[in-house]
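K.L.:
Position one of the sequence shown corresponds to residue 0 (numbering that gives the first Met the number 0), numbered consecutively onward.
Fair warning: there could be bad hints in the mix.
[As the list claims (entries may be wrong)] Heads up, simulated EDC-like pairs for lysine to aspartate or glutamate below, C-alpha to C-alpha not over 20 Å straight-line:
#	residue 1	residue 2
1	K121	E70
2	K122	D80
3	K148	D82
4	K153	D82
5	K47	D82
6	K49	D136
7	K148	D74
8	K135	E87
9	K148	E70
10	K163	D80
11	K47	E79
12	K154	D80
13	K47	E59
14	K154	D76
15	K64	D136
These are calculated hints, taken from the structure and not from any lab test.
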Amino acid sequence: MERVILFATVVLSFLVIVLGAKIKLPTIVDWKPCISEDGKMNETQVGKIKQIRFYGNCTERCQFKINTSIEFEFDFDPGEDTDNLAPEMSGLLGPIEIPFPGMRASVCDSVFTAEGESCPLKKGKFYTYRRAVPIKDEYPPVFVDIKWKLITDKKHTSICFIVKSQIIE
């Protein structure tokens, strides 16, 4: 019996080491709310962010390697009933905001509740949005803050946040 327990312990330890090296786990990241042009918090935001998680090296700044993808997810309440949310992503280089090209028109295929519900989204219910965005080889290595926004079908900002990041070679 002791040999069986010892064998099981060794096998489980091996699996944890091997699988742990293969499985990417998300990191809860620090973020800040979007700021309006007059330097005040964006008061038009109707939703709430619960938690933001990125996959990869996220300590002081999230580091994203060229020719890979930014993989992230976040939990949020849209703040109002909406049939759809439109994503907007941009890079902030100091005072310059550069829109990220090629965003989808809808997040409905990437948003879900614990029960598997998606669009339409309901106020007061928390959803998880999961996405991967490619970092193309034409992007230069640079310190850049990522601004992520979701817009309701009434053109209100549901949520908006900024995460410190860096594109690396």
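K.L.:
Confirm or reject each hint.
P.N.:
Do the hints match the structure? See the list:
no.: 1; hint: K121 x E70; result: violated, 25 Å
no.: 2; hint: K122 x D80; result: holds, 5 Å
no.: 3; hint: K148 x D82; result: holds, 16 Å
no.: 4; hint: K153 x D82; result: holds, 9 Å
no.: 5; hint: K47 x D82; result: holds, 17 Å
no.: 6; hint: K49 x D136; result: violated, 33 Å
no.: 7; hint: K148 x D74; result: holds, 13 Å
no.: 8; hint: K135 x E87; result: holds, 18 Å
no.: 9; hint: K148 x E70; result: holds, 16 Å
no.: 10; hint: K163 x D80; result: violated, 30 Å
no.: 11; hint: K47 x E79; result: holds, 10 Å
no.: 12; hint: K154 x D80; result: holds, 12 Å
no.: 13; hint: K47 x E59; result: violated, 24 Å
no.: 14; hint: K154 x D76; result: holds, 16 Å
no.: 15; hint: K64 x D136; result: holds, 9 Å
In terms of the numbered hints stated before, the structure departs from hints 1, 6, 10 and 13, listed from lowest to highest.
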